[in-house]
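Asker: Generate the whole structure from the sequences, applying the supplied hints.
The primary structure of each chain is shown beneath.
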Amino acid sequence: MIPIKNILFLVSGVSSFIIFYMGLVNYLTAVEQSTGMILLIFATAVAAGTLLSTVYISKSITKPIEKLAQNMTEFSRTNKITNRKPINTNIKEIHELNDNFQSMGQKVEKTISVQKEYVEKLKEIDRKKVEFSSMVSHELKTPLVPILGYVQMLQKQELMGELNKKQQDAVDEIYSSALKLQRLVGDILTTQKLDLGKLEFNQENIDVAELLNSIIKDFKPIASQKNIHLIKDSAEKGVIFSDKDRINQVFSNLIKNAIDFVEPDKGQITIGAKTDKNFIEFFVKDNGVGISETNQKEIFKKFYQIDTSTSRKRNGSGLGLAICKGITEGLGGKIWVESKENIGTVFYFEIPKQPVKINNKK
Amino acid sequence: MSKNSTIKDSDVNSTHLNILIIDDNEQITKMLTTFLELKNHNCIVANDGEQGLRLIQENKHDVVLLDLAMPEFDGYAVINALESKDQLKNNKIIVFTASTITQEELDELVKRGVTSYILKPIDIDLLHSRIVESATS
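Heads up: the sequence lines are chains A and B, in that order.
Counting from 21, one number per residue, gives the positions in the first sequence under the numbering used here.
Counting from 1203, one number per residue, gives the positions in the second sequence under the numbering used here.
Below, simulated SDA-like cross-link-like pairs (lysine to any residue); rule was C-alpha separation at most 25 Å, straight line:
hint: 1; chain 1: A; residue 1: 237; chain 2: B; residue 2: 1321
hint: 2; chain 1: B; residue 1: 1262; chain 2: B; residue 2: 1236
hint: 3; chain 1: A; residue 1: 218; chain 2: B; residue 2: 1310
In case anyone wonders, no lab produced these hints; they're calculated from the structure.
Answerer: Here it is in structure tokens:
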């Protein structure tokens, strides 16, 4: 790119040289010396005039344009108009250019400050959301304490005396509903934390075989109640470094779902794990009703509930799988499902054996 | 639930404990008192942290159940006050809370000298075994 100044000087320099040269040739070849002399002086004057006017034009056009360009560079760097003075020039177009630049700049400045305000407001809303959800969770849990406390007491005849069958059934119903409510409060809180990236993850050594055995032990009673087989199919013996409680939480959600989806008496649920170099892959497999392809795409979304006649008995919050997804992703892994209708479903989740980048605050 | 555990219950019931309950929620303290008295323990209730702290310092209790979230003088304030007078470890304090507290925060409290913790809502069997464990630890 060539500066406008250089073009001006080149054009005027060449043209004034040509005028001067023609004047000189005229003088040297003139028949009458005095006429040649006058022509030479005239040519010199024209040439000098051209050069002088170039200097003037350069000053009044290129200098202010340079200044304006400089202001614009400064503006794009700082997002602020540093020089609000009018440009020193007599040229109307340049004044207009500067005025437009100034008013455009002011609009940009204003937009940016409004944006900053919005960002601050959004951050404030985020903070309030966290405060609100922990407050709500606390307020909802508090009345659950006496509800669950008294129900548990009523369930113990040595504490509160014997209940007749109807009373006992009623008390059991209250107990299971209260537990459901408690779980729902917990799920909502976990989901909110996941949304805000506020869920914390621990890191500890986990013996995989031990982990799977303890999960089997925890869920065996619930599965047995419905005559469902829950077994481990894995010879995995390694140790991984991750968050045991969170892995348990994922297993717990997947197994509870599986229990809901298999037929009592015929149901079989298998859990297991296998490792490769960097990852461990866990699975929960069932021989239940299966999940259609359309539903497979949606099930990890919040509040999604499969609505078919076979699953209407389900009464989860619709948050379980969204939480599983959030947790595995938080642990640096992923979760997916493979399923055939009326044959069964396998949920896989894979996480790093060593933490990659865990968003633990401490 | 556990109807066949009467023998075990009577064993545990034979331990008669003095328990101080510090919680601002009267429905919770009432439920806890009902339960623990049915288990043959003796309960004293404080409805705020200040009163609770005074009772801890005046009398000896086998176990103190301390709620964390209370208006003004909360459970943390009680713990801080006891710690500053080097009295935290002499008392068997079980923190119980419905707040969204992290595992790390709970571990930190135990490191400072709190005996145990339990999260609300509570499993009354678990609560009772925690109380007996803490009293005899």
